[in-house]
Amino acid sequence: MPNAHLRVWRGDEDGDYVEYDVEYEEGMVVLDVVHRLQATQAPDLAVRWNCKAGKCGSCSAEVNGSPKLQCMQRMEQYPEGETISIAPLKTFPLIRDLVTDVTWNYEVAKTIPEITLREREADGTHRMAQIDVDRGQEFRKCIECFICQDVCHVIRDHPENMDDFAGPRFFVRLAEVSMHPLDTNPKEATVQHGFGLEYCNITKCCTDVCPEGIHITDNAIIPLKERRADVHYDPLRALGRKLFGGRS
Amino acid sequence: MAQATAQPADSLDRRYGQTQRNDRWWVEPLLTGGGLLIFVIYSAISAVLGEQWAFETENHLLLSPFFEPLITPGWLPDFISPALFILWAPIGFRTTCYYYRRTYYRAYFLSPPACAVREPAGSYSGEGTFPLILQNVHRYFMYAALVFVPILWWGAIKSFHLPGEGFGIGVGSIVLTLNAFFLMMYTFGCHSLRHWVGGGLNSFSKSSPRLLRRRLWDFVTIANEKHRRWAWTSLIWVGFTDLYVHLVANGVVTDLNTWSNPI
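In order, the protein sequence lines correspond to chains S and Y.
Residues in the first sequence are numbered from 1 upward in steps of one, following my numbering.
Residues in the second sequence are numbered from 1 upward in steps of one, following my numbering.
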């Protein structure tokens, strides 16, 4: 059986990396190896996991410095003998070993406006055309692994911005609310103010790391920025408003 | 906005430039930053030289895209290049382009140099304050860029017709045509345009005009998904086109074509 040389963060913020050698078998993923490490050498190793299928978003960690789902990283991709470093998400407070406290994300989630659906149609249904459904479906793929939040340099390198910045996961949610065809809330609440959208400088790391392949920047963040541009930075619309009044 | 319950793990790679990444993350910003720098230096030289380095063939068949359309008012001093009237639009369009922002923020501002690599700046305010708030004028430059698409196509079409000899084809005609096509695809893949043609709607299904806008949105999305590719292809090709026309106009290279009189 091949041998994996792991470098795993142990302890709290004052902890350090500890090196381990763990045997693994063909087909294993990083999370399997971490579990074997836990079973054979480090029974007190803290690691959060649930589905092992890339759908629960629990086992997020930084593998060789890149935020990943441990359960989706096959061991074959790492050359045998290469040291594989496994660290907790660096943007969030560390609890112990590979487990971080992601409470901040749930607090931000509470600030995102809810969708208020319009009145039901005469037959008692809410009806949406498929082409309107398709656009929002992409946003519903989010598994809230918070890898995009972790990699975003706005808060990763500048945690002081966490007070004002919602982060890419919640820009996806804002986009979903903002574009929902049945929502009756004024869109200004979701688009024109707050959430720190202006902090994003479109470096697309969130899109690069998303395990669900959501085009966070192209389909959520930039459209939100463009909705602001409609109001504040569009010369033709401004002219239209001047000539015809109201919204244009 | 919510507050974090505690400070993040400061002991974990939080010093400048630090990362646990062991791949060659520095290659991309190095290549893209270097490529952009080469283009900026070349285009600045070409534009500033103006009349001192011929940019149009004597028979007016080929005109560099840096000078298309040629505007030479009588009051313009000789030391001012006619490129001045043209290049503000593509420079502004590309500088505020979402793709190029990603590229030069990474390569030049190191903000961040690559994903999960610590950036050097001590504080960060994004695009919410001056001067980066000016990135929002991208919509203005998008309108300007749209005007230049038919102008460049007209320049390309004209290169297939030599006055006195009629229609023909040459290497220069093909170079100019490809240039117009690449710049059109880059412009038509613009994120602002994608929003403008249909992305701003919340429902596509309510009326025929909305369905039409959905079709336009689909079309722009096709180009937009390859925006990086079109950005680089059009950038490299417009530089090459300018160089080619200069070389032909200055007699360094002979344009192979079907007309009897050499250019």
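It should be emphasised that the hints constitute simulated quantities derived from the structure, not laboratory data.
Worth double-checking, as some hints may not be accurate.
DMTMM-like, lysine to aspartate or glutamate: derived pairs with alpha carbons at most 25 Å apart [stated by the list, open to error]:
1. K206/Y <-> E121/S
2. K206/Y <-> E25/S
3. K187/S <-> E28/Y
4. K68/S <-> D218/Y
5. K226/Y <-> D123/S
6. K187/S <-> D23/Y
7. K206/Y <-> E19/S
8. K68/S <-> E28/Y
9. K206/Y <-> D183/S
Checked hints:
Taking the CA atoms of K206/Y and E121/S, the gap is near 15 Å; set against the 25 Å cutoff, the hint holds. Restraint check for K206/Y and E25/S: not satisfied, since their Cα atoms lie roughly 55 Å apart, outside the 25 Å limit. With a C-alpha separation of about 38 Å, the suggested pair K187/S and E28/Y falls outside the 25 Å cut-off, and the hint is violated. Distance restraint check for K68/S and D218/Y: the Cα-Cα separation of roughly 31 Å exceeds the 25 Å cut-off, and the hinted pair is therefore not satisfied.
For the suggested pair K226/Y and D123/S, the alpha carbons sit about 43 Å apart, so the restraint of at most 25 Å is broken. The straight-line distance between the Cα atoms of K187/S and D23/Y is roughly 43 Å, outside the 25 Å bound, and the hint therefore fails. Of the supplied pair hints, the one linking K206/Y and E19/S is violated, its CA atoms being roughly 61 Å apart against a limit of 25 Å. The suggested pairing of K68/S with E28/Y holds, with an alpha-carbon distance near 20 Å, which does not exceed 25 Å.
Taking the CA atoms of K206/Y and D183/S, the gap is about 15 Å. The hint holds against a cut of 25 Å.
The structure fails hints 2, 3, 4, 5, 6, 7 (numbered hints given earlier, in ascending order).
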